[in-house]
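*Asks:* Here is what each chain is made of, one letter per residue.
Protein chains: 2
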Amino acid sequence: MVYDVSERRVNKVLKIGRKYITWIQNSVLEGEILPSNFLKMKVEINKVINKNEDSVLFYILRDLKYTEKENIGIVKNSDDRFI
Amino acid sequence: MVYDVSERRVNKVLKIGRKYITWIQNSVLEGEILPSNFLKMKVEINKVINKNEDSVLFYILRDLKYTEKENIGIVKNSDDRFI
Chain A
1 MVYDVSERRV
11 NKVLKIGRKY
21 ITWIQNSVLE
31 GEILPSNFLK
41 MKVEINKVIN
51 KNEDSVLFYI
61 LRDLKYTEKE
71 NIGIVKNSDD
81 RFI
Chain B
1 MVYDVSERRV
11 NKVLKIGRKY
21 ITWIQNSVLE
31 GEILPSNFLK
41 MKVEINKVIN
51 KNEDSVLFYI
61 LRDLKYTEKE
71 NIGIVKNSDD
81 RFI
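Chains as they are written, first to last, in my numbering: chain A, 1 to 83; chain B, 1 to 83.
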């Protein structure tokens with residue numbers, strides 16, 4: 001999950017995201033999530049963002065076999081269950 | 001590509017990223033890239049970041065068949081070749 005939302009709403013969006021998945025860096029979270037919880041998270045985010053100004057994106061990786069992660073510099077945080 | 005770098009270096013990192021892939025939102029870029037260009041991009045980023053402070057992450061999705069993208073709110077930008 002990556003988000004680009006107004007400063008006024010950024011803490012609300014981050015707080016919702018952290019309830020379900022793991023904060024990684026800046027405005028990035030990642031994690032394994034059940035479809036039912038993914039839906040709940042999206043409903044909650046829908047309620048707090050301004051849909052004419054804010055943007056929240058989800059990259060849904062169904063099979064981690066085809067996914068790799070590379071890092072330059074420090075690792076701010078990581079979800080060990082994931083990638 | 002997602003980055004969390006000091007404000008002093010953020011424009012340099014963004015500029016390098018945009019040479020190779022597409023800006024999507026805030027500190028997020030995406031795109032199709034040849035392995036040789038990916039390597040070049042990483043070498044350039046390595047030169048401008050402070051490896052003790054900054055963090056640049058690459059999620060490498062080898063097969064888009066297993067990847068979906070969902071959006072809440074506005075779409076700031078998108079790469080039509082991708083997802």
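If you are wondering where the hints come from, they were derived from the structure by calculation, not from laboratory data.
Hints may contain errors.
The list cannot tell twin chains apart, which means a pair is met if one copy fits it or any two copies do.
Within a straight-line C-alpha distance of at most 20 Å, the following computed PhoX-like cross-link-like pairs (lysine-lysine) qualify [said to hold, decoys possible]:
1) Lys76 - Lys65
2) Lys42 - Lys76
3) Lys65 - Lys51
4) Lys65 - Lys47
5) Lys51 - Lys69
6) Lys76 - Lys40
7) Lys65 - Lys42
8) Lys76 - Lys51
9) Lys65 - Lys15
10) Lys65 - Lys40
11) Lys42 - Lys69
12) Lys65 - Lys12
13) Lys19 - Lys65
14) Lys12 - Lys42
15) Lys40 - Lys19
16) Lys47 - Lys12
17) Lys40 - Lys69
18) Lys76 - Lys19
19) Lys15 - Lys42
*Asks:* The structure should be examined with respect to each hint, and the outcome stated for every one.
*Replies:* Outcome of the hint check:
Taking the closest pair of Cα atoms, Lys76 and Lys65 never come within 20 Å of each other, the shortest separation being 24 Å inside a single copy and 29 Å across copies. Taking the shortest alpha-carbon separations for Lys42 and Lys76, only the inter-copy value of 18 Å comes in at or below 20 Å, while the best intra-copy value is 25 Å. Proximity of Lys65 and Lys51 under a CA criterion of 20 Å is satisfied in neither setting, with 34 Å inside one chain copy and 28 Å between copies. Taking CA atoms no more than 20 Å apart as the test, Lys65 paired with Lys47 passes in neither setting, with 34 Å inside one copy and 31 Å between copies.
With identical chains, the CA atoms of Lys51 and Lys69 are at most 20 Å apart between copies only, with a shortest distance of 17 Å across copies and 30 Å within one. In this assembly of identical chains, the alpha carbons of Lys76 and Lys40 never lie at most 20 Å apart, being 27 Å within a copy and 24 Å across copies at closest. For the identical chains of this complex, Lys65 and Lys42 are neighbours neither inside a copy (26 Å) nor across copies (23 Å), given an alpha-carbon limit of 20 Å. Proximity of Lys76 and Lys51 under a CA criterion of 20 Å is satisfied inter-copy only: 12 Å between copies versus 29 Å inside one chain copy.
In the homo-oligomer, the alpha carbons of Lys65 and Lys15 never lie at most 20 Å apart, since the shortest distance is 29 Å inside one protomer and 31 Å across protomers. Proximity of Lys65 to Lys40 under the C-alpha cut-off of 20 Å is found in neither arrangement, the shortest distances being 26 Å within a copy and 25 Å between copies. In the homo-oligomer, the alpha carbons of Lys42 and Lys69 lie at most 20 Å apart only across protomers (13 Å), although the nearest pairing inside one protomer, at 25 Å, exceeds that limit. For a Cα distance limit of 20 Å, the shortest separation of Lys65 from Lys12 qualifies neither inside one copy, at 33 Å, nor across copies, at 32 Å.
In this assembly of identical chains, Lys19 and Lys65 lie within 20 Å of each other by CA distance neither inside one copy nor across copies; the values are 26 Å within and 28 Å between. In this homomeric assembly, Lys12 and Lys42 come within 20 Å of each other (Cα to Cα) only inside a single copy, at 13 Å, whereas the closest approach across copies is 33 Å. For a Cα distance limit of 20 Å, the shortest separation of Lys40 from Lys19 inside one copy, 11 Å, qualifies, whereas the shortest one across copies, 37 Å, does not. Taking the shortest alpha-carbon separations for Lys47 and Lys12, only the intra-copy value of 10 Å comes in at or below 20 Å, while the best inter-copy value is 35 Å.
Only between protomers do Lys40 and Lys69 lie at most 20 Å apart by alpha-carbon distance; the minimum there is 17 Å, versus 27 Å within a single protomer. Proximity of Lys76 to Lys19 under the C-alpha cut-off of 20 Å is restricted to the intra-copy arrangement: shortest distance 18 Å within a copy versus 25 Å between copies. In this homomeric assembly, Lys15 and Lys42 come within 20 Å of each other (Cα to Cα) only inside a single copy, at 13 Å, whereas the closest approach across copies is 32 Å.
In this structure, the hints that do not hold are numbers 1, 3, 4, 6, 7, 9, 10, 12, 13, in rising order.
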